Amino acid sequence: MTTKRRLLLPSASEALMAYKEHRLIFKNIDAPGYTRDLTCYQKHGGYEILKKGLAMGGPAIREEVKKSQLRGRGGAGFPTGTKWGFIDPAKVTKPIYLICNADESEPGTFKDRQIIYKDPHQLIEGMILSCFANGVKLAYLYIRCEFTEGWRILETALAEAKGAGFLGKNILNSGYDLEIHVHRGAGAYICGEETGLIESLEGKRAYPRIKPPYFPAVLGLYMCPTIVNNVETLCHVKHIIEMGGEAYAKIGRPNNTGTRLICVSGDVVRPGYYEFPCGALTLGELIQHVCGGIRNGNRLKAVIPGGSSAKVLKAGEVYKIKEAGVDGKLVEKEVKLEDLRLDFDTLAAAGSMAGSGGVIVMDHTRDMVECLANISTFYAHESCGQCTPCREGVLWLKKILSRIAEGHGRDDDPSLLKEVADRIAGRTICAFGEAASWPVQSFLGKFRDEFAQRIRRNGNAAKKDFVSLTH
Amino acid sequence: MSLPLHAGTENCVGPEKGEVTPAFEKQADELVSRYPVSKRSAVLPLLHLWQETFGYIGPRGVEWIARKLSLQEIQVLELVTFYPWFRQKPYGKFHFRVCRTLPCALGGAGKTFAALQKLMNLKEIGHGGTMVSEDGRFSLEYSECLASCGTAPVVLCNDAFHEKVDDNKAATLVAECK
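Which chain is which? The protein sequence lines are A and B, in order. Each residue of the first sequence is one higher than the one before, counting from 1 in our numbering. Each residue of the second sequence is one higher than the one before, counting from 1 in our numbering.
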C-alpha cells in the first residue's frame with residue numbers, strides 16, 4: 001500500500017524533501033493516529049506548556065512574547081507584544097477581556113479551520129496562556145457559524161479542558177480563574193474586523209467602531225480593555241512559551257519571525273495548507289515546488305498573495321525592493337515576482353501584503369475581468385453599510401464590473417471604476433474600504449488592456465473563450 | 001468529518017410552529033448565563049437556537065427573544081436582517097449552500113451550482129435569491145467564502161460540509177437526500 005502511494009505521488013515527496021516544511025502549529029495535524037480529543041493531545045505533551053506558563057507568571061510570558069517579535073496572523077501583521085503592551089494588568093481596574101478571532105473569512109484563507117477541526121486543544125492552551133498573561137478572567141471564542149462542526153468541536157474541547165482542571169476556578173491550583181465561551185457569528189465577513197466583532201459580540205449589528213481609540217485595548221468589549229487575537233497568533237504564543245522568545249525569533253527573518261501558515265488555492269496542482277518559516281520560501285518555490293506548479297500545464301498569469309483584499313501581482317513583474325546588505329545598509333534590488341520572499345515586509349514592498357496568508361493562483365486561461373467581478377461581488381455582499389462611500393461605491397463597482405463581464409461595457413468604464421475605487425479607500429471607518437478598493441485598483445492598473453479588449457468585444461463575443469466566474 | 005451526511009436536516013423544515021418547551025427554555029437560559037455582563041450579547045446565540053429549533057425566525061421568534069432579553073423587538077429584528085445566516089422564511093428540508101467566491105469559482109463552483117439546480121429541478125427566481133423547490137424538499141443558494149479554498153468547490157448541505165463537489169458528487173449528494 002505504501003509503495004503504491006509513493007508511486008502515485010513521486011513529485012510530492014520529492015518537493016517536500018527539497019522544501020521541507022517547518023511545522024510548529026501543524027506538527028500533529030494530519031499525523032497518522034492523531035485525534036482532536038484531550039487524551040491524544042496530552043499524550044503529545046498537551047497542557048505541559050500551560051503548567052510552565054503558570055509557573056513563569058504573567059509578566060514573564062508577556063516579556064517572552066515581546067522578545068519573539070511575533071506579528072499578528074489575522075491580516076494586519078501588528079506586533080502581538082505591542083498590542084498586549086497597551087494593557088498593564090497591574091494598573092487596570094476594569095475587567096480585561098480577550099477574544100479569539102476565529103471568524104476566518106478572508107477568501108483564500110483556510111488555516112484556522114485546520115487548527116479548530118484537527119487540534120482544538122492547541123488553540124485553547126494558547127488562549128489560556130494569553131489570558132493568564134494579561135489578567136483575563138472571561139474570554140470569548142468568536143467563531144464563524146459556517147464552521148458548522150467547528151463550534152461543536154470547540155464546545156467539546158472546552159468542556160474536556162474544564163473537566164481536567166485547565167479551565168474554570170483555580171486552574172491547576174494556581175489560584176487563577178478563567179472562563180472561555182464559544183460565540184457563533186452569523187455569516188458576516190465584517191465580523192473579522194476587530195471592532196465590528198466586538199459590536200457583534202455585544203449583540204448588535206457588526207458596525208466597526210469609529211477610531212480613535214485605535215485599539216480595543218483602550219475601549220473594547222463592554223467599554224473595557226480588550227485584546228483581540230487571531231487563532232494562529234494564539235497558537236504561536238504556546239510555542240513561544242515552549243521554546244522561549246529569543247529562540248522563536250531565530251525562526252524566519254528579522255521583523256518577520258516564526259513560522260507562517262500558508263494556504264494555496266486556485267490553479268495549482270497541489271492546493272493546500274503548508275507551514276514554513278516566514279520568508280524562507282519565495283513565491284516561485286511555493287508555486288513550482290511545494291504546490292507542483294500550475295494545473296494542466298498552463299502558465300502563471302497572476303497571483304493574489306494574502307487573501308482577496310491583497311493587491312494582485314502579475315506574472316513577469318519586477319519589483320524594486322530595499323533589503324539590508326551585508327554591511328547592514330539598505331540596498332535597492334530588482335526582484336522578480338517568482339523571487340519574492342513570502343514575508344510581511346517583502347510583500348508590502350512589492351505593493352501588496354502578506355495579509356492572512358491565503359495565496360490565490362490564476363493561470364493564463366483566466367479572464368481578469370471575470371476574476372475581479374467575482375471579487376467585487378464578494379465585497380458588495382459583505383459591506384456592512386455603515387459608511388456611504390463603501391455601501392454605495394462597492395455596489396457600483398460590482399454593477400459596473402458585472403456589466404462589462406456580461407458584454408455591455410462602456411468605453412469609460414475602466415476609468416469610472418478607478419475613480420469610484422479611489423474615492424472609497426481612505427474614506428471609511430474601517431479597512432474594508434481599502435480591502436474592496438485595492439483589488440479593483442490593482443487589477444485595473446495591471447490588466448487595463450484586458451478590460452479595454454473585453455469592452456471592444458462587447459455583446460455575445462465578450463463571453464466566449466473562458467469560464468465565467470460571475471454568478 | 002464525523003457528522004452524519006445530512007446532519008440537522010429535521011430542523012430546517014416547517015412553519016415557525018411548535019411549543020417553546022421547558023428544555024428549550026433551559027437551553028436558552030444556559031446561553032444567556034454565558035454573558036454575565038450584558039444579556040444583550042445573547043441575541044445571536046438565541047437567534048441560532050430559535051432557527052435551529054423552529055426552522056426560521058419569524059415574528060414569534062423576534063418577540064420571544066426580545067422579551068427574554070428585555071430588548072426592543074427592533075433590536076432583535078435588525079440582526080435578523082443584517083446577518084446573512086438568519087432567514088425569515090422556511091428553506092427546503094435539504095438546504096444547499098454553494099461557495100461562489102474566487103477560489104471556489106476557479107474550481108468550478110458555477111458548474112456545481114448548475115448541476116445541483118438541475119438535479120433539484122429549481123427555477124431561477126432572479127437577483128440571486130434562495131431557490132426553494134415546490135415540494136419544499138430542496139433549497140439552494142450561493143454563499144460567500146466557506147473557508148476551505150484548497151478543496152474547491154465546496155458545499156454545505158444543512159450542517160454537513162462537502163469538499164471537491166463536482167457533477168458526480170453533486171448527483172450522489174442529491175440522491176442521498178431522502
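Calculated directly from the structure, the hints in this document are not laboratory data. Owing to the predicted nature of the structure, the values given are computational and were not obtained by experimental measurement. The reader is advised that the hints may include incorrect statements.
As the list claims (entries may be wrong) - So the derived label-pair ranges between C-beta atoms look like this:
hint	chain 1	residue 1	chain 2	residue 2	range
1	B	Lys-89	A	Ala-60	49 to 59 angstroms
2	B	Lys-123	A	Phe-78	42 to 52 angstroms
3	B	Gly-136	A	Gly-407	32 to 42 angstroms
Claimed, not checked - Some but not every residue of chain A turned toward chain B, in silico, with C-beta under 10 angstroms:
hint	residue
4	Cys-145
5	Val-182
6	Ile-360
7	His-364
Claimed, not checked - Under the rule of at most 27 angstroms between Cα atoms (straight-line distance), these lysine-lysine pairs were calculated in the DSSO-like manner:
hint	chain 1	residue 1	chain 2	residue 2
8	A	Lys-118	B	Lys-169
9	B	Lys-111	A	Lys-399
10	A	Lys-169	A	Lys-336
11	B	Lys-123	A	Lys-399
12	B	Lys-164	A	Lys-162
13	A	Lys-169	B	Lys-26
14	B	Lys-164	A	Lys-94
15	A	Lys-27	B	Lys-164
Where is the CB? At the ideal position from N, CA and C, for every residue including glycine.
Hint status (Cβ of Cys-145/A to nearest Cβ of chain B, threshold 10 angstroms): 5 angstroms, holds
Would the hint linking Lys-164/B and Lys-94/A be met if the CA-CA limit is 27 angstroms? Roughly 48 angstroms between the alpha carbons, so the hint for Lys-164/B and Lys-94/A is violated.
Against chain B, run the beta carbon of His-364/A and see if the smallest gap drops under 10 angstroms. 13 angstroms, violated
Outcome for the supplied range 32 to 42 angstroms, where the beta carbon pair is Gly-136/B and Gly-407/A: 37 angstroms, holds
Taking the CB of Lys-123/B and the CB of Phe-78/A, does the distance hold inside 42 to 52 angstroms? 49 angstroms, holds
Straight-line Cα separation of Lys-169/A and Lys-26/B no greater than 27 angstroms? 24 angstroms, holds
Quickly compare the C-alpha distance for Lys-118/A and Lys-169/B to 27 angstroms and report which way the hint goes. 24 angstroms, holds
Given the proposed pairing of Lys-169/A with Lys-336/A, does the C-alpha separation stay at or below 27 angstroms? 55 angstroms, violated
Would you check the hint for Lys-111/B and Lys-399/A, treating anything up to 27 angstroms between C-alpha atoms as holding? 23 angstroms, holds
Measure nothing beyond the straight line between the CA atoms of Lys-164/B and Lys-162/A; if it is 27 angstroms or shorter, mark the hint as holding. 36 angstroms, violated
Take the C-beta atom of Lys-89/B and the C-beta atom of Ala-60/A, compute their distance, and say whether it sits inside 49 to 59 angstroms. 55 angstroms, holds
So, as I understand it, the hint says Ile-360/A touches chain B; can you test that by seeing if any CB pair is closer than 10 angstroms? 6 angstroms, holds
Checked against the numbered hints above, the structure violates hints 7, 10, 12, 14; every other hint is satisfied.
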